[in-house]
Amino acid sequence: MNTKVSISTNIIFLCFLVASIATFGSLFFSEVMNFVPCSMCWYQRIFMYPLVLIFLANLLYPDDKVFKYSMLLVVTGLAFSIYHNLLMFDIIPESVVPCVSGVPCSTEYINWFGFVTIPLLSLISYSILFILLMFGKKR
Amino acid sequence: MNMSNKKIIVISIILLIVGFVTAAKLYQFSIDTKNQELAATKKGAPFVRDHSPIFGNNKNKVTIVEFLDPECESCSYFHPVVKKVFEEYKDETRLVYRYLANHGNSKFVVKLLEASRLQNKFKETLDVVFKYQEKWALHNDPKPELLWDFLPEAGLDMVKFRMDFENIYVNNLLKMDKDDASKLSVTGTPTLYVNGKLLKKLDYETFLELVESEIYK
Numbered sequence: 001m002n003t004k005v006s007i008s009t010n011i012i013f014l015c016f017l018v019a020s021i022a023t024f025g026s027l028f029f030s031e032v033m034n035f036v037p038c039s040m041c042w043y044q045r046i047f048m049y050p051l052v053l054i055f056l057a058n059l060l061y062p063d064d065k066v067f068k069y070s071m072l073l074v075v076t077g078l079a080f081s082i083y084h085n086l087l088m089f090d091i092i093p094e095s096v097v098p099c100v101s102g103v104p105c106s107t108e109y110i111n112w113f114g115f116v117t118i119p120l121l122s123l124i125s126y127s128i129l130f131i132l133l134m135f136g137k138k139r
Numbered sequence: 001m002n003m004s005n006k007k008i009i010v011i012s013i014i015l016l017i018v019g020f021v022t023a024a025k026l027y028q029f030s031i032d033t034k035n036q037e038l039a040a041t042k043k044g045a046p047f048v049r050d051h052s053p054i055f056g057n058n059k060n061k062v063t064i065v066e067f068l069d070p071e072c073e074s075c076s077y078f079h080p081v082v083k084k085v086f087e088e089y090k091d092e093t094r095l096v097y098r099y100l101a102n103h104g105n106s107k108f109v110v111k112l113l114e115a116s117r118l119q120n121k122f123k124e125t126l127d128v129v130f131k132y133q134e135k136w137a138l139h140n141d142p143k144p145e146l147l148w149d150f151l152p153e154a155g156l157d158m159v160k161f162r163m164d165f166e167n168i169y170v171n172n173l174l175k176m177d178k179d180d181a182s183k184l185s186v187t188g189t190p191t192l193y194v195n196g197k198l199l200k201k202l203d204y205e206t207f208l209e210l211v212e213s214e215i216y217k
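Chains as they are written, first to last, in the numbering used here: chain A, 1 to 139; chain B, 1 to 217.
Just so you know, these hints were derived from the structure itself, not from any lab.
Wrong hints could be hidden among the right ones.
[Stated by the list, open to error] Label pairs and their computed distance ranges (CB to CB):
{"hint": "1", "chain 1": "A", "residue 1": "G114", "chain 2": "B", "residue 2": "K90", "range": "44 to 52 Å"}
{"hint": "2", "chain 1": "B", "residue 1": "Y216", "chain 2": "A", "residue 2": "L86", "range": "54 to 62 Å"}
{"hint": "3", "chain 1": "B", "residue 1": "L138", "chain 2": "A", "residue 2": "V36", "range": "20 to 28 Å"}
[What the hints assert, rightly or not] Residues of chain A placed beyond 10 Å of chain B at every Cβ, according to the derived structure:
{"hint": "4", "residue": "I82"}
{"hint": "5", "residue": "F89"}
{"hint": "6", "residue": "S127"}
{"hint": "7", "residue": "I131"}
In this text, a Cβ means the ideal position worked out from N, Cα and C, and glycines have one as well.
This is chain B alone, in the form it adopts within the complex:
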């Protein structure tokens, strides 16, 4: 094979790779831009909805959105990080939880979480759910009903809680959260946004940096 043919092959390989990387960057950039515009709107939809659990005083207008799944291990693993950063900046920011129920028992646990909101115990309940996730969410043998034994730890009035649980209806809420997730191209959990900016790496430093960069901008 002669030299000029080799050149063409090498050039085409380079073009293919450069083209792929450029297209990927452009696509990501257009998604980021679109998301930040959406987050900056008054209602903040599709990041924030009226039905979502929202915490914090939000003095600096910084909205942290977490798409989570109570049965997802990475969510459980990352939960303390979110808590720690939010505890530090709960005056400056607000924290919005959205559901992306991807697992078999997610809906059941979302029902528990929503019922706990009627007693203002969402955060405590979420802590308990994640604290004992290893016990109730085993891959080969999930036992979500075990949560009933753990949940008194969240300080719930269990009688009222059981009644609320029976009467609560989460299908619409889950569907809306799921639709919003797909609008934002969110497929996995946890996925976090700060003012529409995607948290690209799930670790404490990156998250803290992103939150602080939005507070002090």
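Next up, chain A with everything else stripped away, as it sits in the complex:
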């Protein structure tokens, strides 16, 4: 039992770092670079930000149930993220998505190396979290 928690702690620590970087990164885009987040971005933020605190709480007070709590958030966020990326790659037409603040969800704020967009960064973060958690669960 002890070893299990110990292995998980390392993975949870990695998860904590990934969630924190995603959180601070998205805040950098909106608060420092003044990009207005579209509604899809907000949904992905909603499920990413609490993960930082959930992972942190687990690091400070470890138990082996953290997968259940975090996985729900990760899977939900991942679903939004996949949907958003399908939008960005024009696989789903834009009109399906309600954009309240007037920023179309297919707006490309950044495009690093010709393919890295903000929704892709979100998808990568959620995928890493998903893989890390699945990997941690097996031990």
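Following the hints, put chain B in place on chain A, whose structure we already have.
Frame of chain A, contents of chain B only:
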């Protein structure tokens, strides 16, 4: 959980926060530097364009640029401050207005403003637009056409004004102003620059200080 693990967690949290703050400061600094270099060029683009309304004698080479939206409440609120400071220093500085038409009726009002320029009544018209903004720009029920009733107050020749309004074309101008705004990372209104230096806090003292620091430097 043992002490060394706790240390690692605390250190990583500190690193994340320090990293974020440092990156934010560096980013802001690079934007500020770039903007001041641009403002110091002869034409002053993208801060100043030939089509922009420009006022003042500019003896001390101090350019105040305001990105505004006639339908924006904060612009209306801050308008008297800009006026007051500029009235005091209209010999030393010049004031350049740029549009950032973010609201539903902004374009209509920009057309009015541009038409008023043909009679040299831009300032008076802008005053009237902001003075009655509460009446014509209600959020749930905007009535921009009410402006026609208020505008004679600006001392316009209304017959000529209506004709100019029909014939004026502002799409290109709005697009250029918008492009310049995004070049400068301006997203909201009012956004003010003094010689390329961003006004960080929208209040009278801060604005006056920034303008004076550029005049007396």
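These are the hints, each one checked on the structure:
{"no.": "1", "hint": "G114(A) with K90(B): 44 to 52 Å", "in the structure": "holds (49 Å)"}
{"no.": "2", "hint": "Y216(B) with L86(A): 54 to 62 Å", "in the structure": "holds (57 Å)"}
{"no.": "3", "hint": "L138(B) with V36(A): 20 to 28 Å", "in the structure": "holds (24 Å)"}
{"no.": "4", "hint": "I82", "in the structure": "holds (27 Å)"}
{"no.": "5", "hint": "F89", "in the structure": "holds (24 Å)"}
{"no.": "6", "hint": "S127", "in the structure": "holds (21 Å)"}
{"no.": "7", "hint": "I131", "in the structure": "holds (20 Å)"}
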